[in-house]
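**Student:** Here is what each chain is made of, one letter per residue.
Number of protein chains: 4
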Amino acid sequence: MSFKKDVYLLFDDKKGTKKGDAFLEYFISSLIILNVICIFLESYKDIRIRFKDVFYSIEIFSIVFFTIEYIIRIWVSDLKYQNLTPFKARIKYIFSFLGLIDLISILPFYLPYIIKIDLRVVRVLRLFRLLRILKLNRHSRSVKMIGKVLKNTKNDILVTIFMVFILLVLSSTLMYSIENEAQPEAFENIGQALWWAVATLTTVGYGDIYPITGFGKFLSGIIALLGIGIVALPTGIISSAYIEEVQKTKKKAICIKCGEQIEKKIIP
Amino acid sequence: MSFKKDVYLLFDDKKGTKKGDAFLEYFISSLIILNVICIFLESYKDIRIRFKDVFYSIEIFSIVFFTIEYIIRIWVSDLKYQNLTPFKARIKYIFSFLGLIDLISILPFYLPYIIKIDLRVVRVLRLFRLLRILKLNRHSRSVKMIGKVLKNTKNDILVTIFMVFILLVLSSTLMYSIENEAQPEAFENIGQALWWAVATLTTVGYGDIYPITGFGKFLSGIIALLGIGIVALPTGIISSAYIEEVQKTKKKAICIKCGEQIEKKIIP
Amino acid sequence: MSFKKDVYLLFDDKKGTKKGDAFLEYFISSLIILNVICIFLESYKDIRIRFKDVFYSIEIFSIVFFTIEYIIRIWVSDLKYQNLTPFKARIKYIFSFLGLIDLISILPFYLPYIIKIDLRVVRVLRLFRLLRILKLNRHSRSVKMIGKVLKNTKNDILVTIFMVFILLVLSSTLMYSIENEAQPEAFENIGQALWWAVATLTTVGYGDIYPITGFGKFLSGIIALLGIGIVALPTGIISSAYIEEVQKTKKKAICIKCGEQIEKKIIP
Amino acid sequence: MSFKKDVYLLFDDKKGTKKGDAFLEYFISSLIILNVICIFLESYKDIRIRFKDVFYSIEIFSIVFFTIEYIIRIWVSDLKYQNLTPFKARIKYIFSFLGLIDLISILPFYLPYIIKIDLRVVRVLRLFRLLRILKLNRHSRSVKMIGKVLKNTKNDILVTIFMVFILLVLSSTLMYSIENEAQPEAFENIGQALWWAVATLTTVGYGDIYPITGFGKFLSGIIALLGIGIVALPTGIISSAYIEEVQKTKKKAICIKCGEQIEKKIIP
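Chains as they are written, first to last, in this note's numbering: chain A, 1 to 268; chain B, 269 to 536; chain C, 537 to 804; chain D, 805 to 1072.
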């Protein structure tokens, strides 16, 4: 049992203070980054052919390592969630976000009927595992802060996305009506017009599709200007949430003369 | 009269708590989204021809349903605005924003002399009706917040738009003077130059029109850098308004003199 | 003298409350907008030839009107700045921003040796005169606010511009070194590279010039990502100044129970 | 020793109040700007050939001047850091950021084996030396402010960059999988896809590479919309830090209990 606890502490994200602990985390991170570099290099035809064996060896080693790690994590998960029964604790780990990532990043290897292209993408998902290391180190405060801000603004951002969605559908239908006759190939259907609308509203503007009629250009200008508002709105929302969060953690003042805590009592 | 009240409660946005109520809202929303999907798919020539009958049936059903709904809404609107006379209440509903959308989304069908292209755009306007459902659910606080912020910043945003407008006209005239000789076709008139100015100031930059002379490029750089300021200004305005609005709802302080809750009386 | 005062009140921006006052302002504004529309339309060759006489008549009328107006404004400027001697008051008006705009917008007509192209640009400068009407109406608070914010952030924005300038020069020189061999025509000199740097840093990205070498693309990516920071910095500066300005005008609270003013004493 | 002190005061950034002091700073700044203009002009082939001697003379003069200046700065650095031993003070200056820039901007001239292209870039690094003059003048407060804000937000910005990095790698791998078959030349490898991902996420959108398949366009739209969030997050972070910093310098409150000025003691 003591051995199991040692293993648990080795793999756990939060309690880890021993040297081996950090070493393991950095080893796993390095392995993930090595994997991503391999995926990157494999996409170059010349390199893929020449170093075929190297890539294969790294992949086999990674799969074996991550499989053993996954099994260990399942095994020790009852120590992580001690208030749950061993079975429930394991279920909880398996279906947690990082647990699913752990599984997804090794599973495809054992399922030969999944096509090769998907495999590559799935292996990149291992990147999410790097989030674990963020929790460990001195950036954890920032991660928590950004997490809280994104959580607090979720509803407002969703409403903004909904407004963007309506705007995109309206403007693409309108643009399709206007430009379809002048450019039957570029604005062939509303799907194409939607592609134009997204590129314009986000101010990307690839330049592969744009209006050529006077009225189309006028509408495009309006959409592009609204794009500025679309940037301003979420920025305002996030700024506001960020400032609020900073003030929450900081504004407990003490008067240095009389020693009393000066506290703004916030009534929600 | 009791039946009329039941119908009213079924269609009303705010008081609806019964099960049928939410069901009706979701049914209407689904029908609207189905309509939008149809408009989208109809723009693909192959699909339009093959599923002509399906699209026609859905359209007829929608028109019949929305017509009946519109008549019912007029009928029960005297219960919505109880402090008005029945006639005034009906007028008020008909000329409200959502009332007009309700009308506009069915009217074209009964006016055969309106051209087909406009019809398609008009049907997309039904999307605005989805705003009703936003009022119903848990996002209503966010909608109200964003609405208030946009209302509070209206004047400031208008002044910004006016500044953008002056900047666009000045820079397009200037650019037309500079580039007209070097690119008589691209910068054929100020309208073209205005199209360039909008694409540059909003940082969309399609790449279909851009200066080629040295001085033109210099001016274009200045405009693009001002574009950053043009983003920063409304963002600052909206952030500020957002923070103010959040603080209004949250910061209820206690007066240290009398111990009572301070309602902040704003002295302008 | 009473007539002169009447004339003064007619043309003055702030004290104007009479009906004729607003009428005059709106007449001048309309004339300016008519002028801008003419400049716009004149740039279309067909329209320019067909309506030559109309454009000429409008221009002559405008010049005559604006000349008379300019003389009147000089004449009554001693009433505007009553604490100055008549001569100094006139000098002050002539060299004020709006006074110079008034002069510049009529002067070129009397100087036949200035080339036609400049004339067109100069006439557009009349647009600045529309700023006068902003002072009159209900947007004046917003204009003042934006003005104050821009004034308060001037120093910080200048430092940002200086940083942008250094970044532009550094990245364009670097990119010229990298891409000159691969694309001797596109990156022919640092001027061209600077054009690329501006388009990238402001995220306009016309697509007429971009790196093709691996290292060039890497640098371009870094510059584009820094472009996001370049947007974030002035936005943060302006947001902060805006919030400060709003708080200055609003935060004077009164406790509704004991009636005392709760005031944060700000020590600069 | 008195002469050495005079020299020190002449070159020091902060204590300089004499006339010669500012003159020296402005002379150095002018020389740097002249150098940058030369680098700029030299990149134009015609100018480079015609004014070869002028450029060479300026370069020799600059190198001699900056070398003497560098030696003087080393010599007087023991007066700058008086609490250190003369040796340590010199080491400290040599390895300070501006000390290294001073060295880097003259060193390459004495190392003939470094290739010419690098030399040009290195000479541009002298621009950083202009930062010294910013410290001298009235913009020093803004520089300090921006410096503090960037320092305070460092951790949060790093986390944002990490998130951007994960997003870029994920989306480029995914896009490579999707588009590789349809456009084997444009999306030849993940490096190319990464170039697309950066151009899209930063909303630059050169238009040299973009998806053509339906699913690729869909993914591209998602990435572009996320690009808006990627702008919003650092903007919110910087705005918040800026506001905090402004409030720190301005809001010194009075304790209502004891009447003394409250120095806010922050309880984390």
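Keep in mind that the hints were calculated from the coordinates and are not lab data.
Please note that a few of the clues may not be correct.
For the chain C half of the interface with chain B, some residues (derived, Cβ under 10 Å), not all of them [claimed, not checked]:
#	residue
1	Leu704
2	Val705
3	Tyr778
4	Glu780
Even glycine gets a Cβ: it sits at the ideal position worked out from N, Cα and C.
**Student:** Now tell me, hint by hint, if it's right for this structure.
**Tutor:** Hints, one by one, checked against the model:
Against a cut-off of 10 Å between C-beta atoms, the interface hint on C:Leu704 holds, since the closest Cβ of chain B lies about 9 Å away. Given hint, C:Val705 at the interface with chain B, is violated; its Cβ is 13 Å from that chain's nearest Cβ, farther than 10 Å. Against a cut-off of 10 Å between C-beta atoms, the interface hint on C:Tyr778 holds, since the closest Cβ of chain B lies about 4 Å away. The beta carbon of C:Glu780 comes within 9 Å of a beta carbon in chain B, closer than 10 Å, and the hint placing it at the interface holds.
Consistency with the previously given hints fails for number 2 only.
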